[in-house]
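Protein chains: 2
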Amino acid sequence: MTSFTEKLAFGVQEKGPLCVGLDPHLNRLPLPLREKTTDLSSPSGRKQAAEAVREWSHIALDAIANRVAIIKPQIALYEQLGSAGLAVLEEVVLAAKKAGLLVLMDAKRGDIGSTAEAYAKAILDDDGPLACDAVTLSPYLGRDSMAPFIKRCGEGEKGVFVLLRTSNPGGAEIQRDQAQSAEIVQRWVDAWNSPLVDRHGLGPVGVVVGATLGEELSKWRNALPNAWFLMPGFGAQGASAIDCRSGFRADGLGALINSSRGVLFAQEHEEAEYAESPGDLIARKTDAALDALKSAATPH
Amino acid sequence: MTSFTEKLAFGVQEKGPLCVGLDPHLNRLPLPLREKTTDLSSPSGRKQAAEAVREWSHIALDAIANRVAIIKPQIALYEQLGSAGLAVLEEVVLAAKKAGLLVLMDAKRGDIGSTAEAYAKAILDDDGPLACDAVTLSPYLGRDSMAPFIKRCGEGEKGVFVLLRTSNPGGAEIQRDQAQSAEIVQRWVDAWNSPLVDRHGLGPVGVVVGATLGEELSKWRNALPNAWFLMPGFGAQGASAIDCRSGFRADGLGALINSSRGVLFAQEHEEAEYAESPGDLIARKTDAALDALKSAATPH
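Heads up: the protein sequence lines correspond to chains X and L, in order.
Numbering (the working numbering) for the first sequence: 9 to 308.
Numbering (the working numbering) for the second sequence: 9 to 308.
No wet-lab data here; the hints were simulated from the structure.
Be aware that a few hints might be false.
Just a few of them, taken from the derived set where beta-carbon distance is under 10 angstroms, the chain X residues facing chain L [claimed, not checked]:
| # | residue |
| --- | --- |
| 1 | S52 |
| 2 | Y86 |
| 3 | A103 |
| 4 | A187 |
Heads up, simulated DSS-like pairs for lysine-lysine below, C-alpha to C-alpha not over 27 angstroms straight-line [claimed, not checked]:
| # | chain 1 | residue 1 | chain 2 | residue 2 |
| --- | --- | --- | --- | --- |
| 5 | L | K106 | L | K15 |
| 6 | L | K15 | X | K55 |
| 7 | X | K55 | X | K15 |
| 8 | X | K105 | L | K55 |
| 9 | L | K105 | X | K302 |
| 10 | L | K55 | X | K106 |
| 11 | X | K105 | X | K227 |
| 12 | L | K55 | X | K55 |
We put the CB at the ideal spot given by N, CA and C, even for glycine.
Put together the whole structure using the sequences plus the hints.
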């Protein structure tokens with residue numbers, strides 16, 4: 009049995025630190041598919057939209073499968089289409105795994121007791137409906153709320169990424185400035201991870217840390233040398249490859265840089281890019297992002 | 009258009025402050041249904057389990073529809089059956105609304121930007137797949153993460169319940185003792201609610217506060233006179249009706265006391281209770297809970 013963190017380190021060493029966020033924003037889909045998503049008010053309309061999302065998801069998967077090690081589907085963007093959307097997500101996750109990708113479900117779940125256990129079953133367990141490799145978690149309910157997921161890190165091959173410091177404008181207030189909740193989360197993660205580190209000194213309990221945090225990013229890197237950082241905010245959301253650099257450890261490992269819209273869709277002012285096929289566009293943008301990140305992941 | 013808080017106040021005045029948590033714990037279902045939920049490892053097995061959950065959910069709905077004003081389905085317990093489970097939940101929510109119940113989805117969602125918007129669409133919007141009246145939210149991502157939901161409180165007929173102080177053993181550490189994050193959440197809720205209060209002086213932005221918090225409960229009641237309190241922890245989880253009393257305002261309004269397992273299932277040591285039909289058991293236990301709560305909701 010290979011642990012999640014070993015698989016991730018292997019994949020990142022081979023393919024680079026880019027994680028592609030599989031985010032089917034309906035209003036950004038290529039035009040012929042977008043037109044099928046205009047009626048979300050009826051089960052049949054949602055089913056038709058889910059078919060378009062399915063088609064687009066497979067195009068995206070085909071384009072990125074051999075380019076990156078890991079993808080991060082956003083469950084909310086499938087769930088907004090109801091059970092039809094979730095059925096598509098189940099199929100897409102299965103296809104991604106068959107293509108050799110690690111799948112990190114961006115779900116930001118957090119609950120207690122038997123409910124947390126149900127979420128862990130739903131998202132992580134290999135005999136469950138999604139059977140992902142890892143999941144994002146929200147920590148407000150406290151340390152015990154994460155026990156079912158941490159258990160699956162220790163006993164299974166699974167990983168988690170706990171929200172630590174996010175880069176949205178409102179994140180700092182509750183996480184850092186008025187309540188230092190991020191420091192609590194950091195201590196939990198460090199304690200969970202320490203007994204589970206692999207030969208690279210990295211454990212399966214990672215954190216979500218915004219790529220746009222500037223100097224604060226180094227602080228968290230130093231505080232959590234054993235944790236993988238999932239870093240949103242690169243590209244479309246404002247952080248450069250240089251900004252990402254301090255999220256990596258000196259050996260060039262330990263960071264996953266997420267890009268979603270930046271690699272999946274034509275920018276609004278470059279709609280003409282769809283002269284190339286949607287798959288070609290994603291492949292080209294993925295390669296460009298990987299290239300930009302090379303310097304950030306160089307051992308320093 | 010009647011606001012969520014007005015509908016809730018009307019319902020609670022008529023039916024009492026009990027909220028029934030619709031939690032299909034597979035291992036607690038009545039035996040003939042439980043036996044259909046043993047294989048969750050294949051799509052067909054999950055579909056069969058979802059059928060059992062559907063049947064049980066309708067039994068429960070029939071038993072409680074005329075007894076209480078509001079139900080709180082736990083989305084995780086449906087999601088563990090994947091898209092088949094979510095399809096059943098969509099049907100159950102629709103049936104509950106047709107029966108005149110308010111539906112509060114226990115989802116504890118929390119994300120940012122367009123993702124938060126997608127969750128709001130998925131759970132609250134009337135033309136969406138679930139179209140609930142209210143939802144529980146987790147606040148770790150900060151004030152801006154809740155904007156799409158608060159907007160639907162102000163402009164629509166919707167409500168939210170933000171996690172404030174939970175009564176699980178690990179809640180206090182991050183919410184109160186080591187990081188006072190609950191105090192931040194309390195200030196947000198108060199600011200959101202103030203411009204939206206109804207003629208009872210209650211707004212659509214409520215909080216989740218454990219019924220087992222003892223004296224701390226009075227503190228939150230005084231700090232948030234305009235907020236509905238959704239209070240888990242009554243009955244099976246340890247709080248008595250007297251413990252719940254300080255969650256109510258002096259006028260006897262402002263608190264929703266949740267009970268899930270306590271009213272839905274036979275206790276393990278009373279398996280013989282299933283000599284009565286599952287529906288009769290739920291009806292009897294719901295009546296008993298309502299009766300026990302009468303004194304707690306008396307104006308004082």
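Against the structure, the hints:
1. S52: violated, 12 angstroms
2. Y86: Since chain L brings a Cβ to about 9 angstroms from Y86/X, closer than 10 angstroms, the hint holds.
3. A103: violated, 15 angstroms
4. A187: holds, 4 angstroms
5. K106/L - K15/L: holds, 15 angstroms
6. K15/L - K55/X: violated, 32 angstroms
7. K55/X - K15/X: Not OK: K55/X and K15/X at ~35 angstroms, beyond 27 angstroms, violated.
8. K105/X - K55/L: Holds, at about 22 angstroms.
9. K105/L - K302/X: violated, 54 angstroms
10. K55/L - K106/X: holds, 23 angstroms
11. K105/X - K227/X: Violated - the C-alpha atoms of K227/X and K105/X are around 34 angstroms apart, more than 27 angstroms.
12. K55/L - K55/X: holds, 18 angstroms
Taken one by one, the earlier hints fail for this structure at numbers 1, 3, 6, 7, 9, 11, listed in ascending order.
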